Amino acid sequence: MTLTKGAPSGAANHVATGATDGNKNGAAITGPTPLHSKDHRDLLDVVDRLRSHGLSRYVDLPQIIVCGDQSSGKSSALEAISGMSFPTKDNLCTRFATELILRRTPTTGIDTSISPGSERSEAEKAKLRACTYTGTLENLDLGRVVDDAKNVMGLNGTNKVFSTDILRVEVSGPSQPHLTMVDLPGLFLAGNKDQSEQDAALVESLVLSYMRNPRTIILAVVSAKSDFALQQVTRHARALDPTGIRTLGLITKPDTLDQGSDSERFYIELAQNKDVQFRLGWHVLRNRTFAERDTPTPARDVAEREFFSKGVWKCLKPSQMGVAALRMRLSHVLRDQILLQLPSVLGDVTAGINECKLSLDRLGVARATLAEQRRYLLKVSARFSEVTRATIDGVYTDVFFKGAKERRLRAVMQNTLADFARDMRLKGHARSIIDGPAPRTEDLGKPPAVSRSAYISEVKELMMETRGRELPGTYNPLIVAELFTQQCKPWPGMVRNLLERAFVSSSRTIESILRHVADSETTESLLRIVVNPTMDNIKKELRSKMDEILEPHMSGHPITYNHYLTDNVQKAQSDRRRRQMEQRLKNFFNSDRIPSGVANHKFDMQSLLDDLATHTEPDMDTYSCSMATDTMEAYYKARFVLSQPTVHVC
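Heads up: the sequence shown is residues 1 to 650, going by the UniProt record's numbering.
I should point out that these hints are in silico values taken from the structure, not numbers from a laboratory. It is possible that part of the hints are untrue.
[What the hints assert, rightly or not] No more than 35 Å apart at the CA atoms, straight line, and that leaves these computed lysine-lysine pairs for DSBU-like: (1) 489 <-> 446; (2) 405 <-> 446; (3) 317 <-> 357; (4) 571 <-> 540; (5) 405 <-> 317; (6) 125 <-> 357; (7) 127 <-> 38; (8) 38 <-> 446; (9) 427 <-> 637; (10) 405 <-> 274; (11) 545 <-> 405; (12) 402 <-> 540; (13) 539 <-> 427.
[Stated by the list, open to error] Each pair of labels, with its calculated beta carbon distance range: (14) 372 <-> 426: 26 to 36 Å; (15) 122 <-> 324: 39 to 49 Å; (16) 458 <-> 425: 38 to 48 Å; (17) 425 <-> 577: 23 to 33 Å; (18) 533 <-> 468: 26 to 36 Å; (19) 490 <-> 394: 23 to 33 Å; (20) 490 <-> 372: 25 to 35 Å; (21) 585 <-> 458: 29 to 39 Å; (22) 260 <-> 139: 40 to 50 Å.
Model, not experiment: these values are computed from the prediction. Each residue gets a CB set at the ideal place from its N, CA and C atoms; glycine is no exception.
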């Protein structure tokens, strides 16, 4: 039997029809829905229509996927559920997914079709959709249909080993449940002449892509005939559904277990959800044996009921055993999942529609003529200017700024400049000069500390190299420039970092505005031809301006008319004299602290005066180095104070 070419099935005009039957307000169905009712069927049809229109490529849809290792009994399970004969060549790798749609209707029928993958061309899609089959279960050879589907999909050669096309099999009849499942290729590890290890990786990738869908119910088929630890499906299910909230385990071939064996006890406990626990639990199904492969479905069901009525399996609940209970259970699970997920699916669909409308708005009206193109660019330019002015002024009422803080350029720049000012204050100097000994351990993220005495020793060495015509006890003014340049070493790197952050923020905002007001093709053209070259030139100018601003600080002789210079020098010396005087008073009164308030002491006033007044620095070089250090620190503070307003007015 071959697929015949014909007209594709008519698509519904409104995919939500059925989800709102009997509900004039269009709200999703709530409350219990009888399993064989029209509402139940309509509920499943809504999702199937969405899937048939390719919406699953954009929105995760509720579904049941059937997955398991090869030879796990997956095909036999599907055959038992649907009453349809499935191909049982488990040693061969299926190259595509099969969507099985079961519906309860008064009459029996079957329809097969192919849902093309998104990467197909329009001509290929039309060819695939035209390949359909309509008939009865009695006349259907599904194996032949699968082979014909491979040929139509182009899987009959070696160039293409896998297809994203989906074979849709719709089965209707009075005994069918309302159920939709997606049958995936069986997992395997070792390759052979018919399937390679590369094929195994492709199949695993396909199965995992379906499992990752958070709205997917995973029917994990496990064969009792094989070692549980060697079967991949439950490992993947537990990895992608760690809470087990959307996984139902299915144990097949229980009749192959030896009575009383450890394996039998293990699978009994597994079925009771005592070992690998899934929120949806486990189910057990007896497959046809090879000798029973031609047994009619009624006889198969009788043999299954007889098997579960005796031995250790009768300890399980009736709802956990047999194909009849499995059909009911799967229908329940899928119905509940759709009811649970339908509101969020509707939200995703609405969001997608809004995004499409926004994309259409960006495209604008047709612009085939030069005048229309100019009119469109003028509209884009005006809108771009409007949004750009808003982000510069800090007025964030436009829809462009909703939920995207990085687009609010003025706020971003204010925060960036505040960070820069803080870093300059805390980390802008190369070293922190402190009175007393330097700490043994450095504070990460802060400039290294050096004691004042050690720093003065370094200054003394530098002063020996820069002696000029100055008198002993004084210093060459150029020594201050040398010390200041050393102390400002972090400035260029910090300013370059500020420039880069500002440039990146501005570039990203400009690109975001363009993508907001124009279509993607226009945006890419404007970026390539206008924006990026202009921004590159601006960046070069900024770097040149940065060097110009830094140059006076990093070279040349020190000069300032800011009174902060002398104020800071005198304050530093006054504070140091106060500390020295405080220490002398402690020594004079033989006390470890200076008492506050009024204190009564008897002492020699002349001795106290001599002790306070006679302290001098006998080493002229040390004295001049100390003065140079005070001047450098005061000059650094003065230059820093002058630089700060530049930051804050930006």
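Now for the hints, and whether the structure bears them out:
Straight-line distance between C-alpha atoms of residue 489 and residue 446 comes to about 14 Å, which keeps the hinted pair within the 35 Å bound. Restraint check for residue 405 and residue 446: the C-alpha separation of about 30 Å stays at or below 35 Å, so the hint holds. Distance restraint check for residue 317 and residue 357: the Cα-Cα separation of roughly 52 Å exceeds the 35 Å cut-off, and the hinted pair is therefore not satisfied. In summary, the hint linking residue 571 to residue 540 is not supported, as the alpha carbons are separated by about 42 Å, beyond the 35 Å threshold.
Straight-line distance between C-alpha atoms of residue 405 and residue 317 comes to about 56 Å, which puts the hinted pair past the 35 Å bound. Only pairs whose Cα atoms come within 35 Å are accepted, and residue 125 paired with residue 357 is accepted, the gap being roughly 25 Å. Restraint check: the Cα-Cα separation between residue 127 and residue 38 comes to about 33 Å, which is no more than 35 Å; the hinted pair holds. Using a Cα cut-off of 35 Å, the hinted pair residue 38 and residue 446 is violated, with the two alpha carbons roughly 72 Å apart.
Of the supplied pair hints, the one linking residue 427 and residue 637 holds, its CA atoms being roughly 13 Å apart against a limit of 35 Å. At most 35 Å may separate the alpha-carbon atoms for a hinted pair to count; residue 405 and residue 274 exceed this at roughly 49 Å. A hinted pair counts as satisfied when its Cα atoms are at most 35 Å apart, and residue 545 with residue 405 qualifies at roughly 29 Å. For the suggested pair residue 402 and residue 540, the alpha carbons sit about 33 Å apart, so the restraint of at most 35 Å is met.
With a CA separation close to 25 Å, the supplied pair residue 539 and residue 427 stays within the 35 Å bound. A C-beta distance of roughly 57 Å is found between residue 372 and residue 426, which places it outside the suggested range of 26 to 36 Å. Taken as a hint, the range 39 to 49 Å holds for the pair residue 122 and residue 324, whose Cβ atoms sit roughly 45 Å apart. Taking 38 to 48 Å as the suggested C-beta distance range, the pair residue 458 and residue 425 does not conform, at roughly 24 Å.
Between residue 425 and residue 577 the beta carbons are some 27 Å apart, a value that agrees with the proposed interval 23 to 33 Å. The hinted window of 26 to 36 Å between residue 533 and residue 468 is violated, with their beta carbons roughly 51 Å apart. At roughly 30 Å, the beta-carbon separation of residue 490 and residue 394 lies within the given 23 to 33 Å, and the hint holds. The supplied range of 25 to 35 Å is broken by residue 490 and residue 372, whose beta-carbon atoms lie about 55 Å from each other.
For the hinted restraint 29 to 39 Å between residue 585 and residue 458, the CB-CB distance of approximately 31 Å keeps it satisfied. Roughly 46 Å separates the CB atoms of residue 260 and residue 139, a value that falls within the hinted 40 to 50 Å.
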